[in-house]
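Engineer: If you read the protein sequences in the order shown, they are chains S and C. Quick note: the first sequence, position 31, residue 31 per our numbering, numbers continuous. Quick note: the second sequence, position 5, residue 5 per our numbering, numbers continuous.
Errors might be hidden in some of the hints.
Intra- or inter-copy, both count: the list cannot distinguish identical chains.
Straight-line alpha carbon distances no greater than 25 Å define the calculated DMTMM-like cross-link-like pairs of lysine to aspartate or glutamate that follow [claimed, not checked]:
no., residue 1, residue 2
1, Lys108, Glu36
2, Lys82, Glu36
3, Lys103, Glu67
4, Lys108, Glu21
5, Lys82, Glu57
6, Lys20, Glu59
7, Lys20, Glu89
8, Lys12, Glu67
9, Lys20, Glu106
10, Lys103, Glu5
11, Lys55, Glu35
12, Lys20, Glu67
13, Lys103, Glu36
14, Lys108, Glu22
15, Lys82, Glu35
16, Lys8, Glu67
17, Lys108, Glu96
18, Lys8, Glu22
FYI, nobody ran anything at the bench for these hints, they're computed from the structure.
Protein chains: 2
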Amino acid sequence: MISGELLKGSLKTIVLKILKEEGPLHGYAISRRVEELTGGRIRLTYGALYPVLHKLESENILITRQENFNNRTRVYYSISPKGHSVIEEKVQEMKEYIESLQKIIELKPGLNYA
Amino acid sequence: MISGELLKGSLKTIVLKILKEEGPLHGYAISRRVEELTGGRIRLTYGALYPVLHKLESENILITRQENFNNRTRVYYSISPKGHSVIEEKVQEMKEYIESLQKIIELKPGLNYA
DNA sequence: TTGCAATATATAAGAATATTAAATATAATA
DNA sequence: TATTATATTTAATATTCTTATATATTGCAA
Numbered sequence: 001m002i003s004g005e006l007l008k009g010s011l012k013t014i015v016l017k018i019l020k021e022e023g024p025l026h027g028y029a030i031s032r033r034v035e036e037l038t039g040g041r042i043r044l045t046y047g048a049l050y051p052v053l054h055k056l057e058s059e060n061i062l063i064t065r066q067e068n069f070n071n072r073t074r075v076y077y078s079i080s081p082k083g084h085s086v087i088e089e090k091v092q093e094m095k096e097y098i099e100s101l102q103k104i105i106e107l108k109p110g111l112n113y114a
Numbered sequence: 001m002i003s004g005e006l007l008k009g010s011l012k013t014i015v016l017k018i019l020k021e022e023g024p025l026h027g028y029a030i031s032r033r034v035e036e037l038t039g040g041r042i043r044l045t046y047g048a049l050y051p052v053l054h055k056l057e058s059e060n061i062l063i064t065r066q067e068n069f070n071n072r073t074r075v076y077y078s079i080s081p082k083g084h085s086v087i088e089e090k091v092q093e094m095k096e097y098i099e100s101l102q103k104i105i106e107l108k109p110g111l112n113y114a
């Protein structure tokens, strides 16, 4: 698995994008979906995931709906009207970030300046 | 500029890859090179950069050479023998991470499961 | 039928890592 | 002369993640 170090800062964008395209989903399902999409390489720990979901809800970026399923509570999250523009920004930012990282990762041996 | 949030966890790999391909370089030059490569989108703040360089040196991943240039001290960093294998791992990890992020970012609207 | 894995959410303690700001100092340029 | 660029360092603070713990049900296998 990819070290959690790299995940820092991306978690919010990952959650929002998944919810935008495939929501409403509950926390556990988001986590499984990310694992599935990335071949198990990215795993969202619940200690990080749920606090992020709660924060996004408190910021009115996500809205929730509670349901009972087999006596277990499920909290379904989806994007609020306000949330959509936030997601577009976050996704755009991540695309630029990925492009930037690729320019560095694909560097070939160059001149040595010293 | 890209929010620092995303940078977390990537900084070390960025520094190591730059030094591998274009080192030896001093801290200030590393920062400028990253800015140049990413069109100003990634800026390494010195409060983050120098502590990382010091840490990598203390872990024997980087080695240093001090020089005087116009009465200013420059500390040139380069990769130690031990460092090369560390870099390969880090770069490979980042490649996989980028691939994983792309799978999420490129998601198209799908079935709504709820 | 007993125990384990999977499902489902929540939160506290701690570690790691970045930002911001402040300090220091010289050279080059306007 | 004042500002910008060069060059490094460190402390205080904020953020964000991991790990561990708690709770509780369902389904499957031994």
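Engineer: Run every hint past the structure and note whether it holds.
Structural biologist: Cross-check of the supplied hints:
For the homomeric pair Lys108 and Glu36, the shortest alpha-carbon distance between copies (15 Å) is at most 25 Å, but the shortest distance inside one copy (33 Å) is not. With identical chains, the CA atoms of Lys82 and Glu36 are never at most 25 Å apart, being 28 Å at best within one copy and 35 Å at best between copies. In the homo-oligomer, the alpha carbons of Lys103 and Glu67 never lie at most 25 Å apart, since the shortest distance is 46 Å inside one protomer and 29 Å across protomers. Taking the shortest Cα distances, Lys108 and Glu21 sit within 25 Å of each other only across copies (6 Å), while inside one copy they are farther apart (37 Å).
Taking the closest pair of Cα atoms, Lys82 and Glu57 come within 25 Å of each other only inside a single copy of the chain (11 Å); across copies the shortest separation is 46 Å, beyond that limit. For a Cα distance limit of 25 Å, the shortest separation of Lys20 from Glu59 inside one copy, 16 Å, qualifies, whereas the shortest one across copies, 42 Å, does not. In the homo-oligomer, the alpha carbons of Lys20 and Glu89 lie at most 25 Å apart inside one protomer (13 Å), although the nearest pairing across protomers, at 33 Å, exceeds that limit. In the homo-oligomer, the alpha carbons of Lys12 and Glu67 lie at most 25 Å apart inside one protomer (24 Å), although the nearest pairing across protomers, at 43 Å, exceeds that limit.
Proximity of Lys20 and Glu106 under a CA criterion of 25 Å is satisfied inter-copy only: 12 Å between copies versus 31 Å inside one chain copy. For the homomeric pair Lys103 and Glu5, the shortest alpha-carbon distances inside one copy (20 Å) and between copies (19 Å) are both at most 25 Å. In this assembly of identical chains, Lys55 and Glu35 lie within 25 Å of each other by CA distance solely inside one copy; the values are 22 Å within and 32 Å between copies. Only within a single protomer do Lys20 and Glu67 lie at most 25 Å apart by alpha-carbon distance; the minimum there is 20 Å, versus 53 Å between protomers.
Taking CA atoms no more than 25 Å apart as the test, Lys103 paired with Glu36 passes between copies only; the shortest distance there is 10 Å, against 28 Å inside one copy. For the identical chains of this complex, Lys108 and Glu22 are inter-copy neighbours only, at 9 Å across copies versus 39 Å inside a copy, given an alpha-carbon limit of 25 Å. Within a single copy, Lys82 and Glu35 get their C-alpha atoms no closer than 27 Å, and across copies no closer than 33 Å, so neither meets the 25 Å cut-off. Taking the shortest alpha-carbon separations for Lys8 and Glu67, neither the intra-copy value of 30 Å nor the inter-copy value of 36 Å comes in at or below 25 Å.
Both within a single protomer and between protomers do Lys108 and Glu96 lie at most 25 Å apart by alpha-carbon distance, with minima of 21 Å and 19 Å respectively. Within a single copy, Lys8 and Glu22 get their C-alpha atoms as close as 23 Å, which meets the 25 Å cut-off; across copies the closest is 27 Å, which misses it.
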